[in-house]
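> Knowing the structure of chain V, use the given hints to seat chain C on it.
2 protein chains.
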Amino acid sequence: MKFIYRFGGTKADGSAKMKNKLGGKGANLAEMSNLGIPVPPGFTISTDLCMDYLKTGKYPEGLIEEAEKGLRHIEGATGKKFGDSANPLLVSVRSGARISMPGMMDTILNLGLNDETVEGLAALTSNPRFAYDSYRRFVQTYGDVVLGVRPRSKDEHDPFEVLIDKVKARKKVKLDTELEAEDWKKLVAKFKELIKTRTGVTFPEEPSEQLWGAIEAVFRSWDNERAIAYRKLNRIPHDWGTAVNVQAMVFGNMGADSGTGVAFTRDPATGENRFYGEYLENAQGEDVVAGVRTPKPIAQLEREMPVIYKKLDGIQRKLESHYKDMQDMEFTVERGKLWMLQTRTGKRTGFAAIRIAVDMVDEKKIGRNEAMLRIEPEQLNQLLQPVFDAGEKRKAVKEGRVLAKGLPAGPGAATGKVVFNAHDAQERARKGEKVILTRIETSPEDIRGMAAASGILTQRGGMTSHAALVARQMGKVCVAGCEDILIDYGKRKMTVAGKTVKEGDFISIDGATGEVIAGVVTTRPSEVIQVLAEGSLKPSKSDVYQRFAKLMEWSDQVTRMHVRANADKPEQARIARSFGARGIGLCRTEHMFFEGARIDAVREMILADDEQGRRKALAKLLPMQREDFAGLFRQMDGFPVIIRTLDPPLHEFLPHDAKTQKELAEKIGVSAKKIKEKVEELHEFNPMLGHRGCRLGITYPEITETQVRAIFEAACKVTKEGKKVIPEVMIPLVGNVRELRDQRDVAERTAKQVLTEQGIDMHYMIGTMIEIPRAALTSDEIAEIADFYSYGTNDLTQTTLGFSRDDSGRFLRDYINKGIFTDDPFQTIDQQGVGKLVALGIELGRETNPKLEVGICGEHGGDPRSVEFCHRVGMNYVSCSPFRVPIARMATAQAALREKLASEAAKPAKKAVKKTAKK
Amino acid sequence: MKFIYRFGGTKADGSAKMKNKLGGKGANLAEMSNLGIPVPPGFTISTDLCMDYLKTGKYPEGLIEEAEKGLRHIEGATGKKFGDSANPLLVSVRSGARISMPGMMDTILNLGLNDETVEGLAALTSNPRFAYDSYRRFVQTYGDVVLGVRPRSKDEHDPFEVLIDKVKARKKVKLDTELEAEDWKKLVAKFKELIKTRTGVTFPEEPSEQLWGAIEAVFRSWDNERAIAYRKLNRIPHDWGTAVNVQAMVFGNMGADSGTGVAFTRDPATGENRFYGEYLENAQGEDVVAGVRTPKPIAQLEREMPVIYKKLDGIQRKLESHYKDMQDMEFTVERGKLWMLQTRTGKRTGFAAIRIAVDMVDEKKIGRNEAMLRIEPEQLNQLLQPVFDAGEKRKAVKEGRVLAKGLPAGPGAATGKVVFNAHDAQERARKGEKVILTRIETSPEDIRGMAAASGILTQRGGMTSHAALVARQMGKVCVAGCEDILIDYGKRKMTVAGKTVKEGDFISIDGATGEVIAGVVTTRPSEVIQVLAEGSLKPSKSDVYQRFAKLMEWSDQVTRMHVRANADKPEQARIARSFGARGIGLCRTEHMFFEGARIDAVREMILADDEQGRRKALAKLLPMQREDFAGLFRQMDGFPVIIRTLDPPLHEFLPHDAKTQKELAEKIGVSAKKIKEKVEELHEFNPMLGHRGCRLGITYPEITETQVRAIFEAACKVTKEGKKVIPEVMIPLVGNVRELRDQRDVAERTAKQVLTEQGIDMHYMIGTMIEIPRAALTSDEIAEIADFYSYGTNDLTQTTLGFSRDDSGRFLRDYINKGIFTDDPFQTIDQQGVGKLVALGIELGRETNPKLEVGICGEHGGDPRSVEFCHRVGMNYVSCSPFRVPIARMATAQAALREKLASEAAKPAKKAVKKTAKK
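Read top to bottom, the protein sequences are chains V and C.
Per the working numbering, the first sequence starts with residue 1, numbered consecutively.
Per the working numbering, the second sequence starts with residue 1, numbered consecutively.
In isolation and in its complexed conformation, chain V is listed as follows (with noise of 0.2 angstroms):
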């Protein structure tokens, strides 16, 4: 077995393929070296050696003789040697797994410095002083990393930085830059001394011995707690293992001729392809990341080193070529050698994700399902959503008004004054204001004054909650669960990292970052939304529409579920429509409920005292729910539309307070304290787990009567308008199979009824929601009368957790941190548990009902990872809010391309196990 891959010169012992081994570091190093790209010589012990020492703590035999080997590589390739006096070999000592772990594990920098080294470094870069920072930087990262040497207790400062102190302190300076060689060599002797003390080790001046110090500890630290939360936290197995790179240290810092900097191969904002990038001249790594000097433009480079230039400019063409990938690099020149020192596909932006994509299908760099798996499904959002300008954001940041931080819940950019309640928010925005609607939490009485709102901002409630799925639906910029505000509501105003922000003050909140910002950030819609929703930009006009239009176009062509929208009112199905949605995969009635004199119906309907006045009620709300859905009906025109009947508790309908309950009282003619008692008659313990869902309808038929009526005569109207017309009845919360049966009597008899009085045949649907485990255990027998399946598994989550959405929030930080759950299970769906679920109720639904259409219209729906299971699991669609469209059609288009894939590379296998059984 081999353990140690060389690299550097004009070839290596491995290659970017060799990730698994190499680690992507070591790897892509190699893979430069074998291109002739000039990279710092070294070499890479390899993971499964990590895995091994760890196990075993022992190395393998030979391993210290081929990393001998491999020094001696890198002291030919650079001319210098180890331990040398004069011109001494310095290397750094970094970890490398197959995927980055940034910041989780160690890297030691200058090994191979000591007392006598360290004069040669300071000669050679005619810098002592740089020379004895470097060499106490060693000695410190050695004493903390290598021997352990750091604080024993939370309240102990780093032992290091104590003695720093104590220096600066005596020389009366504040800052590490104002100290001096002569400083700095005193403290290298007072490190080794508490080295000495505490650990009773001497430091190492033997340079080799430094090196398998470092290497153990580089191994050690895979198993460091940081490193395990963060495997644990983004799924990375732990018998990975992490590679050692040993590479030759080079030095920017070696005069003007000397310098380093980052560069793309194409603008990572934009996209555009430009070769982009910025440098320090003089100077190494930390400082362009310290941000102490200011770094040029890598464009100016070419007038400062036009040979750097011109071959760094040859090289990020040869590595996109190569890799077919914008890439991310670091270099350093060193006395005019140009060294590249990491090559990595790069970070970018939704907006540039898209351009490099499609524009690399047009240079024939890559294919059209390539490009497709190239996009984070999630940072199509970024096209559809209003931005901040760039320059007034970081204006603002620079000028301290980020005021806190809450959870990016609706995404996009809203500037506006603070109202703390829905009606102020509708009076300013009647009178033309901009507001940002600021809560405790909100509820479905907020609604229409979220809908006045620009954006949303709450103290409390998560990435699901209530004003989060109200804003995401309504395509609202929203910040949720900013705790660090603190909302009163009696004098109209907040208080938020010791600031006081008063009704009508100015804000800015960044949904896409959870930024709430102090004063007016200006804003804008973006070029698809002007193209789409607002039609007040021509499709030639942009470039950003016309290449997300092209991508649309190819996930459609390889997609197999189809993307529906959860729509309530006929302008989020129109939205929905533009944005590719073929039908609409949830409407809630009672949203509607709370538009105009739809509430005061409901309301007298719910405290009506008999099935009489119900009845009396819910003949008012019947034209209003009509006209709500053959508005929906006409935007859906020949695509299906799912209605679900009343699911809210009823007590969400009714006012809480003493004075809307006068208000009410007066309006309706009822006393305020019967409104009273029925709110208090109505309360419950556990409203999620309450009188809601089918529950209501099987109390109150008349209910699910009146809104199949509405439903079927809407259905009517449109389809005599020449429109077509696909009605689908959703019964919700059911658990048993004979509540379907009770609510689809009255459903079915219902629509037979007005079709009969209107004459018209036509083809529907009854189906129901999945949202509680009794259903999917028993879904055999629910599935033999539901045409439809729709998983709610907002509410599956909650029942199959045990975890109510309102009230998580407390405990899933912590979860998450512990790595109890590696994701929000309200975002993500939870595959293990309630996916366990989802698949068996499909499973044995289609046992009874093979025809059975199953659907998702969670917030998983708008939910890539969760678009992908549902299409492993066999849903026919899914369905999101109108803004998450393009985001599911890309999900359900990639989910796609992978199952091929997979299949594809199933193949050899199978024919191999074909090949071996016919032997």
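It is worth saying that the hints were derived from the structure and are not from the lab.
You can take every hint at face value.
Identical copies look the same in the list; a pair holds intra-copy or inter-copy alike.
16 angstroms max Cα-Cα, derived EDC-like pairs, lysine to aspartate or glutamate:
(1) 569 with 590
(2) 659 with 445
(3) 673 with 488
(4) 818 with 745
(5) 55 with 239
(6) 154 with 611
(7) 676 with 488
(8) 836 with 781
(9) 80 with 116
(10) 678 with 483
(11) 674 with 609
Frame of chain V; chain C shown alone:
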């Protein structure tokens, strides 16, 4: 195929074994005939024909002729003739299913009467009034049942009764008994007119036409709404069908040598082996039931009709010997001739059931296994509860003092002064007053008040509400969910049935029936309690206890599962053990938190700002919890004790009203504002799905740590006292193996620490509750690190069904009425849904951990049908509240016996299969 089975005379075509074909009534009539017991002759049309007729609407060939033969048989045996005007044969036509469905289907009496035969009846009885009253009743019933003349709307009165009322009004009389022969005669004519007008059909004078109409009506009544609903409710298959019994009428009202009565072979109330019953001379069966005349005890018959009595006594002895069970018989004496109209297994109280079963074993009539299977386990409860003095209760009912009826949530009888809050309950109890704690609903804050009260009455909540659960565990009488009472806490009164009951007024509640009675009804503790729990009665002095103990002993000899108790306090553990519990299956530590100074420490912990503050408060709690646990361990010497770590959400421990908050603030030295804020911060929308169970221990490991330390310090202490302690730590609400791993780590570390400190080694287990669907679904993972599972089926039912136990009362009654659920799923486990998860969890769990011990600690652990399910899915034990231990013991024995019977029954079938296979 034979459809008609004759009986009466000296032999019958059928027998008692043919219940499926002949129905219960028909089979027993045939059996009595075969035994030579005089029954009025008749014939039974088999149940097969019913289903056939309901499907096809036709009778099979030959039926008419067979039935004619049946009629000739009756005529021959009675000497009367169908349709004969001088000596008319009258018959009854009755339904009779395999299982009695009292009052659900139709019955027609006196069939054969017409304008001619009525004169014959008048002459034969010398009682024209009786003859015409019988005639009009027949016409009325026939018009209703066969011809469908009944009210056409809810508002219409019965049209026949309207006619009767008119006659009474004209005659200015009030009672039917005041009408004379001539009046009834006229009414018969009017009834016939009504029938003609309403239906266009002339009332058939021809007896055989009457007969076929009646037979058809009885068949059809199998599918009337009432019967269908009853079958759903009682799990009777819809395809059984009913038989029809056509039988000669006999009349007990033909003079002084006639009479009628009901008798039992043993006393159905006490089980005493004495002939028991009552009769009325010169009367019909209805008169006994209607209670117009007071019947005489059967002993008096010996004096009044010595020959008849002797015959009857011989018959009852014969029937009991034959059926080997207590019989409930109806008889009629017609002109000195005794006729038996019915015999069936008699219903009995719990006291009687046990006495009869044990006595019959002593009498060698049945074996022990048969005796055990004869007990309804639920009936054992009666033996443990205080009882109302029978005479006083009767008096109260007679005086109309029954105010309302709620759910019989905690059996027994209690009387006391009404109080409306826990504080008053304690105050008055301290003064020696007996109180009934009356609340809209109860919460953990009420526990001390509940403990102080003699009984608990709640306005809201079901059989498994907080009040009901705690009451049953405490062995308190409880009537829950009594929706007819309206409590006004402010005015310290309640209104019910228009009456006002004020604080301090006496009421009595019957937890066996749910009745709420005004005033005092005297109670006394049961004998079994006097022996076992109080020790105030010597076992030898109680016949009830003697038999109870025998049954319990027998049950232990056949059972496979064992029974533990849910007990939180030493006293509960003591009682549970005296009832035969072999360990504690659930100690809810938090139930102790309201005792003494604990609550202050708990509140201090909740209000602490950081871990340090929490640890300080926990340190105060530690010695108290240690004493709690030590008490349990002492009582359970030699048996395992499962202690669950903290489960409820923390807000349950904080006071919610301003006054108590203020008091607490002063007591523990924090501001009332802070307490209020904490309460608000901890508020949850769905506490059931909130921050509770192991989620608390994961956020605050120091809580788990302290509790586990208390457990093991107590275990060591009691071990040192020379007792055998088997502690088992149970982590609640686990849904993910990583939660259990986290908490198991804390628990195990702490346990080892304590054992090392104390220098003691002991066997202990760490396990979890399975109460979240996800736990069952991922049980293969969880079982790998769990030593035991306890199914928390209360919560598992809540989550699997999406039913909040506290709120579901609102729709659960509708659900049961509509047959959506046949049982309250919180009382009897929902086998189709929750049961699937339970079985899956056990199967998956034992796959990865074959040694896994499995039990149940939800309320279902004390429900006999659920216990049988637990046995079937292979649990090791069930755990229930102390007072249900005897019930559970009997249920586990029955489950084992039934399994044995089923496997024995399956053996011949298996043999047959084997034989066939051999061929």
